[in-house]
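If you follow the hints, you should be able to join the two separate chains into one complex; please do so.
Taken in order, these protein sequences are the chains called A and B.
If you read the first sequence in the numbering used here, its first letter stands for residue 11, the second for the next number, and so on.
If you read the second sequence in the numbering used here, its first letter stands for residue 607, the second for the next number, and so on.
Careful: at least some of the hints might be erroneous.
Quick partial rundown of chain B residues pointing at chain A, CB under 8 Å, derived from the structure [said to hold, decoys possible]: (1) M795; (2) A833; (3) R836; (4) G839; (5) A840.
No lab work stands behind these hints, which were simulated from the structure alone.
The structure presented is a predicted model; accordingly, all values stated were derived computationally and were not measured.
For every residue, glycine included, the Cβ atom is placed at its ideal position computed from N, Cα and C.
Chain residues, written in single-letter form:
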Amino acid sequence: MHDRLAMALQDDLTNAIVSTRAKGVLIDVSALEIVDSFIGRMLSNIASASRVLDAVTIVVGMRPHVAITLVELGVQLSGIQTARNVDKGLETINRLIEQSESTDADGDD
Amino acid sequence: MPANFDALANAIEQSEKDLLGRWIATLTAAGATRSGQTSDKDLKDACGRFLKELRSALKNGAGEDITGQQWQDAREVLEEISTARALRGYSPVETALFVFSLKEPLFDLLRKMLAGEENLTDVVIASGVLLDRLGLFTTEVYQKSREELIKRQQDELLELSTPVIQLWDKILALPLIGTLDSARTQIVMENLLQTIVDAEAEIAIIDITGVPAVDTLVAQHLIKTVAAARLMGADCIISGIRPQIAQTIVHLGLDLQVVSKATMADALSMALKKTGQKVERVAARG
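Here chain B stands alone, though its shape is the one from the complex (with noise of 0.2 Å):
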C-alpha cells in the first residue's frame, strides 16, 4: 500500500496551492463559512495547516492506520477543527464536509497526474479510504465535544437549580424548580440539611411551582427529603402544588406524610406562627 501513498504524496506536493484553491471554493460553495461565521481566512487558514500536515505525514510513510503515531499532527490540527465547530454549533454533516470536500479536488487532481498510468484506480480507492477515516475521525471529535458540553450545561444547571434560602429567622425556602431525579434529589438534600444544621432552621419550605410533574417516584424523593429533615429537628412545609398535582397525587394514592399549602404565602405564614414570630403592618405614615 505505501506506494500507493508515495504518490498521493507526490500529488499534493506538486499541486499543493491548486488543490488548497479548489478545495476552499467546494467547501464554499458548500456552505461551509456558514454566512460569514467562519470568515474566509479562517478557512483558509485551517485547510491550509490540513493539507501541509497530511502530506508530512504521507511523506513520513504513514500508513492507512489514522491512529498511529505518524498521524498525530494531522490529527490534532482535526480535533482543534472540529471541536471548534461544535462549539459554534456547526451540525456533523457541515463538520465532516471539511474533510470530505477535499475528495473531489483531490480525485480530480490524481485523474491528471496519474492519466494513463495503470495504479491509478488503486491510488484513488486507497486515497478514498484515508479519507473516510480521517472523516469519521472528525465526527467523532464533533461528537465528544458536544457531550463535554451538554455534560457541562447539565452539571451548571444542576448548582442552579438547587438553591436554599433563609426566608426568615429559622425558616428555610427551598423552592425546586424542574423535574427531580435521584441524583437531583441527592443534591438538593445535602444542601437542605447542611442549610438546616449552619442556620438552625426549625421550618423548611419545599416549594414544587416548579415542577413539571409529580410521579410515585418524585414523591417517594420529597417523602425521603422530608423524613431526614425531620431526623434533623426540622419540620417540612411542602407549598405550591397545583391543581392537577394535587388530582395526581390522589390518583396515585399516595400520602406526603406531610403539611401542604396552597402557596408559598400560606406556607410561610404556617411557619411563623409555628415559630412563634409574627408579622406586623406598622401605623400607617404621613
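Isolated chain A, as found in the complex (with noise of 0.2 Å):
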C-alpha cells in the first residue's frame, strides 16, 4: 500500500460512509507486508474520521511483523478496534453497534 493509495482509500471511505450511512468500517490488513509511519497515521485518521461520521473501526488481520513495526514506530492505534479475522472482526463490529445503539437510546430517554 503506497502513500497515494492510503490518501485515496481515505476519501473513497469516508464518502462511502456517508453514502451509505454504515455503522462500522471493517479493514482487513492481512495483505499488508510492509508499514511506515504513514500508514499507520493513515489508519488512526481513518478511524478518527469515521468515528466523526458514527461508525466504528476495527482493523483485522494484521501481520505479526507490521504489529512488531508499528509499535517500534511508536504508532498508537488508540481508538482502533482490532480482531484476529474477518469473521471474529464482524462479531465484534456488530457487538459495537449494537452497544453504542443501545447507548444512544439510553440518551434518549
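Shown next, in the form of C-alpha cells:
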C-alpha cells in the first residue's frame, strides 16, 4: 500500500460511509506486508474520521511483523479496535454497534 | 637473530627426550594434571607434539614472529591444547603454564650446552621472548574459546527461556523467566505474535513470576509486547506480579496499560470468562 493509495482510501471510505450511512468499517490488513509511520497514521486518521461520522473501525488480520513495526515506530492506534480475522471482526463490530445503539437509546430516554 | 634459534634448535634436537621428561616433571609438579583430569599419557602426548613442532619450526628457520607461516603447525597444536583446556574448565593460569613451564628446563639445558660461550645470554633472551609469545598465544586462544562457550550458552538460554504455551482453546501463556532486555523482548514478541496467528488466540497471559526486577525499561518492553498483541487482535493479561514488583511499579509511576492479575490461576479464570468458556467440576465419582 503506497501513500497515494492510502490517501485515496481515506477519501473513498469517508464518502462511502456518508453515502451508505454505514455504522461500521472493517479494514482487512492481512495482505499488508510493509508499513511505515505514514500508513500507521492513515489508519489512525481513517478511524478518527469514521468516528466523527458515527461508525466504528476495526482492523483485522494484522501480520506479526507489521504489528512489531507499528509498535517500534511508536504509532498509537488508539481508538481502533482489532480482531484476529474477518469473522471475529464482524462479531466484534456487530457487538459494538449494538452497544452504541443501546447507549443512544438510553440517552434519548 | 636466526643464529640464536639455530643454537636453540640444536639444543632441543640433541636432548629432546631429556627436555621432555623434565618439562613434564615441572608441569606435574605445578599441578597440570589437575588430580587426574588430564591423564599422564595425554599430557605427555601433548608435550611431545608441541616440542616436535617447535623443533621443526626452528629448524625451518622460523623467526620470532609466531604469526608466520612456519609456525602454522606449532600454532595448531597449541590451539588444540588450549581449546581443550578451556572447555574442561582450566584456569587461564593453568593453560598458560603449559608453555611457560618449558622455560626452566630449556634454559637449564641451554646453560649446560652453551657453557662458556659468549652468545649464551643472547640465546636465552631470544628463547625467552619466543616462549613468552607462544604462551600469550595460548592465553588468547583460551579466551576466545571461553567467549564462544559463553555465547553458545547465551543462545541456548535465549531459546530455552521464551516458550509460548497454548494453555486452553484461544488462550496462550507466556511465562517469562530472567531479565528482559531488548534482544529477548524482540524474540519473545515475535514468538508470541506468531503463536497468536497459528493458534488463533484471543488472549495471551504474560506471567512475570520469574522476572527478578521490573524497571522502566522492562516495563517499556512489556508495554510494547502488549501493544503489538493488541494490534493483532489479542488481549493481554499480566500475571504473577510479586509484592515488591508491584511497589516498584507504583514508585516508578509506571502505567502498564493492561489488566493485571496476581496469579496465573486468576488470569486463566478471567481469560476463560472473556472467551466465553467454562470449566466445571464433574459430579463426584464413586
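Consistency of the hints with the structure:
1. M795: Holds: closest Cβ of chain A sits about 6 Å from M795 of chain B, inside 8 Å.
2. A833: holds (5 Å)
3. R836: Status holds, d = 6 Å.
4. G839: G839 of chain B check passes; min Cβ-Cβ to chain A is 4 Å, inside 8 Å.
5. A840: Given a least distance of 7 Å, the restraint on A840 of chain B holds.
The structure shown violates none of the earlier numbered hints.
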